[in-house]
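Use these hints to put chain Y onto chain C, whose structure you have.
There are 2 protein chains.
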Amino acid sequence: MKTLSQIISEYNAFKSKGLKLDMSRGKPAPDQLDLSERLLTAVAANGDCFSADGTDCRNYGLLDGLPEVKKLFADMLGVNPSNIIVGGNSSLNLMFDVLSRAMTHGVADGCQPWSKYEKISFLCPVPGYDRHFAITEFFGIHMINIPMDANGPDMDLIEKLVSEDETIKGCWCVPKYSNPTGITYSDEVVERFAKLKPKAKDFRVFWDNAYVVHDLTDKPDTLKEIFAEAKKYGNEDMFYEFASTSKITYAGAGVACIAASESNIKRILGWLKFQTIGFDKMNQLRHAKVFKSIDDLKAQMRAHADLIRPKFEVVYKVFGELLSEYKDVSWTKPNGGYFISLQLPKNTAKRVVQLAKEAGLVVTPAGAPFPYGIDPDDSVIRIAPTYPSVEELETAARLLCCCVAYAICEQSQN
Amino acid sequence: MKTLSQIISEYNAFKSKGLKLDMSRGKPAPDQLDLSERLLTAVAANGDCFSADGTDCRNYGLLDGLPEVKKLFADMLGVNPSNIIVGGNSSLNLMFDVLSRAMTHGVADGCQPWSKYEKISFLCPVPGYDRHFAITEFFGIHMINIPMDANGPDMDLIEKLVSEDETIKGCWCVPKYSNPTGITYSDEVVERFAKLKPKAKDFRVFWDNAYVVHDLTDKPDTLKEIFAEAKKYGNEDMFYEFASTSKITYAGAGVACIAASESNIKRILGWLKFQTIGFDKMNQLRHAKVFKSIDDLKAQMRAHADLIRPKFEVVYKVFGELLSEYKDVSWTKPNGGYFISLQLPKNTAKRVVQLAKEAGLVVTPAGAPFPYGIDPDDSVIRIAPTYPSVEELETAARLLCCCVAYAICEQSQN
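Respectively, the protein sequence lines represent chains C and Y.
If you read the first sequence in our numbering, its first letter stands for residue 1, the second for the next number, and so on.
If you read the second sequence in our numbering, its first letter stands for residue 1001, the second for the next number, and so on.
With the rest of the complex left out, here is chain C:
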């Protein structure tokens, strides 16, 4: 073990380099974006602008999306095309819209708008996706932390809470390669979600399958398909599933979708028709032309994996080298997704982020993956390794390890 003074001297050496590093951005690197160049000219002349069914994608119409893109998403998610609505460029926007409509109009016939209840609550498996929690807070919804382990959220707790507490109207889930831990819900966890018996009949699970095809290794996780399971218990209306091509093609200009039960699809289209005449079908068409089948899309994902796997690996290498000796320090090694979760001793995460910042390394604020930005243990840091180069990441990881050592050593002396 290094002494604090050794660590401080190392830290100051980093600091003196005037580094400008960033491990906070969960977004694709330019070389990943370059993989989609053929999207740019997939529709290059007036005669190309028609979908398989003859729709002129330049004009108004087709609220639920191009049939070929519905098929693509259906194959991605393991559902029927009739259970898909294709949206604009942002699945987050679709989640926001579904939640917004739940607030103003309720989620089913005979259910009142959520905004009419005195109090409503959401279950938030933690650590989780900060933007989910931000939306929930924006609508004034009370958030309840649910611990996660390697199999997913604590289902004993979820079952207990939803069966007892009628104010609980929803639960956020990132069931595969969860943001930020990278874990995938076990079959048992999915089954227990599928057969939940919530007290609130207007309880809904927001199943954000953002990383459904985002495998990194040759041992990808598998996720049980939720709707088939939910149907067994008559619970198919309880789930809204979301996905997008944001991390398949372009983060800012992909195509997003909702998957839902027949009855929910009908209801969603029932309000969507007031919201818009239709989403951008030209971008849908580009995607359909580039990905003629799910196999084309999977090939693209293998190319992504080849680019980002070395980035995850360099972080593991440095962490293994420099953090193994520390008790209560561990990190996830996900088989896919966009993040590594670094688990630290209690009450050190904020300090590590601060130290990193002062030495020129931006790390996601400690607490960010928790409702209200509060990590009760102050012990989790989300690492986003995809955007920087391997070289930058190695430096950044080394600096981060130095900050971890610094904070732990400092804490032990207080």
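Quick caveat, the hints were computed from the structure, so don't treat them as lab data.
Careful, some of the hints might be misleading.
Quick partial rundown of chain C residues pointing at chain Y, CB under 8 angstroms, derived from the structure [as the list claims (entries may be wrong)]:
#1 K27
#2 G54
#3 D56
#4 Y60
#5 S90
#6 D130
#7 A134
#8 I135
#9 F138
#10 G252
#11 A253
#12 M282
Backbone N, C-alpha and C define an ideal beta-carbon position, used for all residues, glycine too.
Chain Y alone, transformed into the frame defined by chain C:
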């Protein structure tokens, strides 16, 4: 004047032809869409994907839009780029979102969400845009008809109502080439809007400038810029302006914007950041590359006008030939926009639409341009001449005139 039996014999002659005509679709014709072919390859390689400020448009970010597209919309609307937020492909969606946020969060600090009021009302100049009224009804907002004349809405009535009735929270406007009458608000009407003194401090005007550059003739209407005027009275926060390129480039895949005061822009971005990470910047970039300045855009609009002017003219020609003899029948001859409004004697519009339908001509349902789909006089028909060919339009207009004659003659005999 023809006798009813002459008219019926003409009508049956049309009917026997098995026509399939449609004057209901307010959307561009394929040849108009073909005008934008260069948009398809405006961004054709990885190296093209960057905006003038270096932003990689393929990736996340830039919530308020590309600077060059903000500039383009600013020049279109006569405002500053800092007063623009560039959205997705649909200005209707932006209007829906602004209204939705007003319902859930209110329109300004210190104002309660509109959903918390027992009753709220909107002023609806009529005839107007059916989708505006549909959104309003969807959110349970009471709608009040405001008559329009050649100068715009009845401002005496609007001033009186907003100064007396605190439940009135909004007013819809299509100030230039209004849908469906094609009239443009006079300077006096714009000025009177700008200096309204509503009782409700959270009253907002939805200024849908959908046809701002959509001139048809060499004598285009001019519309006074609303924000400059509103500023004189400290009323700049009272207006949300909307526009899009839906009828400039692609109806289904254009780019939309909101223009608003500095304080409203800040507030809108304040909720938009929860809704999305950003709109599709790639499509924004395509538009920026094709329209390097407002002059490029105006040239495109002249090409549109050349294509659709003959369509408006053939309708005028047929109406002039066949309807001039009828008392209480008139039609607008707008200098721009997408519609002709046909004014009929009371209690005949529905009958005309029904007769047309039975003979194979789809016309927008009578009542559609009114709140709740109810035209109190049953006397207005919206004609959309852009989509059919000139030949189809001539036949459709002749059939429509026959239906008008039929309904009027029939009525006179009852």
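Okay, the hints, checked on the actual structure:
no. : hint : result
1   : K27  : holds, 5 angstroms
2   : G54  : violated, 12 angstroms
3   : D56  : holds, 7 angstroms
4   : Y60  : holds, 5 angstroms
5   : S90  : holds, 5 angstroms
6   : D130 : violated, 11 angstroms
7   : A134 : holds, 5 angstroms
8   : I135 : holds, 5 angstroms
9   : F138 : holds, 4 angstroms
10  : G252 : holds, 5 angstroms
11  : A253 : holds, 4 angstroms
12  : M282 : holds, 4 angstroms
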